[in-house]
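Chemist: As given, the protein sequences belong to chains A and B, one line each in that order. For the first sequence, the working numbering gives the first residue as 13, with consecutive numbering after it. For the second sequence, the working numbering gives the first residue as 21, with consecutive numbering after it.
Calculated from the structure, these hints are not laboratory results. Since this is a predicted model, take the numbers as computed values, not measurements. For every residue, glycine included, the Cβ atom is placed at its ideal position computed from N, Cα and C. Careful: at least some of the hints might be erroneous.
[Unchecked claim] Taking lysine-lysine pairs in the DSS-like style, the calculated list, with each CA pair at most 27 Å apart, reads:
| # | chain 1 | residue 1 | chain 2 | residue 2 |
| --- | --- | --- | --- | --- |
| 1 | A | Lys156 | A | Lys265 |
| 2 | A | Lys156 | B | Lys107 |
| 3 | B | Lys107 | A | Lys200 |
[Stated by the list, open to error] Output of the computed footprint for chain B on chain A, the stretches with three or more beta carbons under 8 Å from beta carbons of chain B:
| # | region |
| --- | --- |
| 4 | 80-91 |
| 5 | 111-125 |
| 6 | 128-137 |
| 7 | 148-158 |
| 8 | 252-261 |
| 9 | 316-327 |
[Said to hold, decoys possible] Derived Cβ-Cβ restraints for the label pairs, each shown as a range:
| # | chain 1 | residue 1 | chain 2 | residue 2 | range |
| --- | --- | --- | --- | --- | --- |
| 10 | A | Asp250 | B | Asp224 | 37 to 45 Å |
| 11 | B | Ala124 | A | Lys306 | 41 to 49 Å |
| 12 | B | Pro241 | A | Gly333 | 47 to 55 Å |
| 13 | B | Ala226 | A | Glu226 | 52 to 60 Å |
| 14 | B | Ala75 | A | Gly97 | 28 to 36 Å |
| 15 | B | Ala72 | A | Ser60 | 45 to 53 Å |
| 16 | B | Gly50 | A | Glu332 | 27 to 35 Å |
| 17 | B | Asp228 | A | Lys331 | 49 to 57 Å |
| 18 | A | Gly333 | B | Ser190 | 52 to 60 Å |
| 19 | A | Thr26 | B | Arg205 | 22 to 30 Å |
| 20 | B | Ile248 | A | Lys223 | 20 to 28 Å |
| 21 | A | Gly333 | B | Ala40 | 47 to 55 Å |
| 22 | B | Ala258 | A | Glu332 | 43 to 51 Å |
| 23 | A | Gly79 | B | Ala258 | 54 to 62 Å |
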Amino acid sequence: MPNVLAILEQRDGTLKKVSHEVLAAARILADGMGGEAHGLLIGGSGVSGDGLGAFGADTVFVAAAEGLERYQPDRYAAVAAAQVGAGDYGAVMVAATAMGKDLAPRVAARTGGALAADATSVSYDGGVVVTRPAYAGKATYTLKLTATPAVVAVRPNAMAPIQADKAGTVQTVAVEAGEGRATTVEMKQPESAALDVAEASVVVAGGRGLKEAEHFTLLEELAAVLGGAVGASRAVVDAGWRPHSEQVGQTGKVVSPSLYFAVGVSGAIQHLAGIRTAGTIVAINKDPDAPIFKAADYGIVGDLFEVLPRLTEEAKKLKEG
Amino acid sequence: MKIAVCVKRVPDSEARIKIAADGKSVDDAGVKFVLNPYDEYAVEEALKRKEAAGAGEVVVVSVGRDAAQETIRTALAMGADRGVLLKTDAAGLDPLPVARALAAELTDGGYDLILFGKMAIDDSTHGVGVMVAELLELPCVGAISTLELADGKGVAHREVEGGVEVVEFSLPAVLTADKGLNEPRYPALRGIMQAKKKPLEVKDIALDDAGIEVLKLEYPPERKAGRIVGEGPDAVPALLDALRNEAKVL
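Pulled out of the complex, with its shape left as it was, chain A reads as follows (with noise of 0.2 Å):
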């Protein structure tokens, strides 16, 4: 029976929480094959895979070399290819974070696989069928991957965790020695440790109506207080106000965070298929026929220069009560 390998990821040697739904994609895709489920770990020496039985995992492969502590393009792909190579893998899942987009298509080239990137649900049903946005969202993919392996890159937050009661067993993997054709060899950490906007459970967005790039601090006191990132949109970005990390929407980031507000952001389709999949989205904006009313949850029509500075206050007091 084939089984299911998940590439694990890490920062710093800590295990990213997007790799407990990574196994979950492949806890769902192993019981459908009648496989197991197995972890792969690539990281710096004493890099651990303990502890994720628990997360569904029958076997955690670590790969633990000096020089693996950061994503290395050609090394990460040529270990995790080799491990594919090793098994009978079904099917190989990665989080569709910078480094699993990158990684997912060498190990789809590697190994002559099927890839869809950004999967929102995964099945077995005869073979790997995953459900994928489209156009940004505008539309959904349901695809069967014919090919083996099948590569699928999981969105981060579309999948909850799995608690399993298995105890999962660890096995060490040899690292050929070697030089990439391609060397990270730094990693620079931004000024402020800022929650990147794709993987946050909360994002404040902002868009035009904040007026001037200053104006920003305003969403940035919301975001801390609900321990969330602060978004941007399309507008601004190109306005020069906020960094491209910040973009959400078509051609910027599409998030699915639990909660979402997009504050002073008009809701042009661009954006909007950048948060079809949000939880709650919250909008708030003077306009009481912008196009966001349509897509929100909940809305607040007023100027945000009054709403905002309520809205944290209040919730902190919230937070802290």
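Fit chain B to the supplied structure of chain A, relying on the hints for placement.
Modeler: Relative to chain A, chain B alone:
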């Protein structure tokens, strides 16, 4: 400096998507198609690099239907020298067969750089560019936001969650462009006129069988209708109450 830029014809990001009668594809009628926005950064970067080197050639390559000639012409109007269309009616949803077709075209081209947009905004797979690099066994940095080249070596930045990776490589290399890499130029009228005369070779190809079958394409579920909780700052308590007690997200 000889540079290939691989581009894709995609529906404009402001286009409404209409699902075709087969329930598996998009009805193209009335849809405006454009050069994939991320590919514009790749074209711009190629032109800048050629201009900086003082000599070279920028070749635009696309896989797609006959209509993709128009997309290639857009890149030629920006300033690229010539185009190649690998013509097929296949949908190309599976990136690996597309990457194989491109790799076969590019392998003996003597390119110093092969550039892509980091993804196409229609299926957003981030697949083909990186796969071409794998097939050609070339260094590849995906989704770059800065690029420095000197003496046959390069350094690129790529944005990742909560940071920026600094990646070194040597040429020839494959790079995929993120927004922010540069400011793409608009084709000037003169460029548009010149583009009509630039060489554009059309080669009929057959893609390898896709390893992906479309079971269905459908509209996303409608979000349930929302409501306006009130006007102005006085509506804040009602909003928070709804978020906490109805939506249960606070």
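Chemist: If a hint holds in the structure, say so; if it doesn't, say that too.
Modeler: Status of the hints after comparison with the structure:
1. Lys156/A / Lys265/A: holds (25 Å)
2. Lys156/A / Lys107/B: holds (25 Å)
3. Lys107/B / Lys200/A: With a Cα-Cα distance of about 42 Å, the restraint between Lys107/B and Lys200/A is violated, given a limit of 27 Å.
4. 80-91: Three-residue rule met by the region 80-91 of chain A, so holds; n is 5.
5. 111-125: That given contact holds, which follows from 11 residues of the region 111-125 of chain A lying within Cβ reach (below 8 Å) of chain B.
6. 128-137: holds (count 3)
7. 148-158: holds (count 11)
8. 252-261: holds (count 5)
9. 316-327: holds (count 7)
10. Asp250/A / Asp224/B: 37 to 45 Å: holds (39 Å)
11. Ala124/B / Lys306/A: 41 to 49 Å: At roughly 47 Å between Cβ atoms, Lys306/A and Ala124/B fall inside 41 to 49 Å, so the hint holds.
12. Pro241/B / Gly333/A: 47 to 55 Å: This hint is violated: roughly 35 Å between Cβ atoms.
13. Ala226/B / Glu226/A: 52 to 60 Å: 56 Å Cβ-Cβ, so the 52 to 60 Å window holds.
14. Ala75/B / Gly97/A: 28 to 36 Å: Between Ala75/B and Gly97/A, where Cβ atoms are some 44 Å apart, the hint is violated.
15. Ala72/B / Ser60/A: 45 to 53 Å: Since the Cβ atoms of Ala72/B and Ser60/A sit about 47 Å apart, the hinted range of 45 to 53 Å holds.
16. Gly50/B / Glu332/A: 27 to 35 Å: Violated - the Cβ-Cβ distance for Gly50/B and Glu332/A, about 53 Å, lies outside 27 to 35 Å.
17. Asp228/B / Lys331/A: 49 to 57 Å: This hint holds: roughly 55 Å between Cβ atoms.
18. Gly333/A / Ser190/B: 52 to 60 Å: Once the Cβ atoms are compared, 58 Å apart, the range 52 to 60 Å for Ser190/B and Gly333/A holds.
19. Thr26/A / Arg205/B: 22 to 30 Å: violated (43 Å)
20. Ile248/B / Lys223/A: 20 to 28 Å: holds (23 Å)
21. Gly333/A / Ala40/B: 47 to 55 Å: holds (53 Å)
22. Ala258/B / Glu332/A: 43 to 51 Å: violated (20 Å)
23. Gly79/A / Ala258/B: 54 to 62 Å: holds (55 Å)
In this structure, the hints that do not hold are numbers 3, 12, 14, 16, 19, 22, in rising order.
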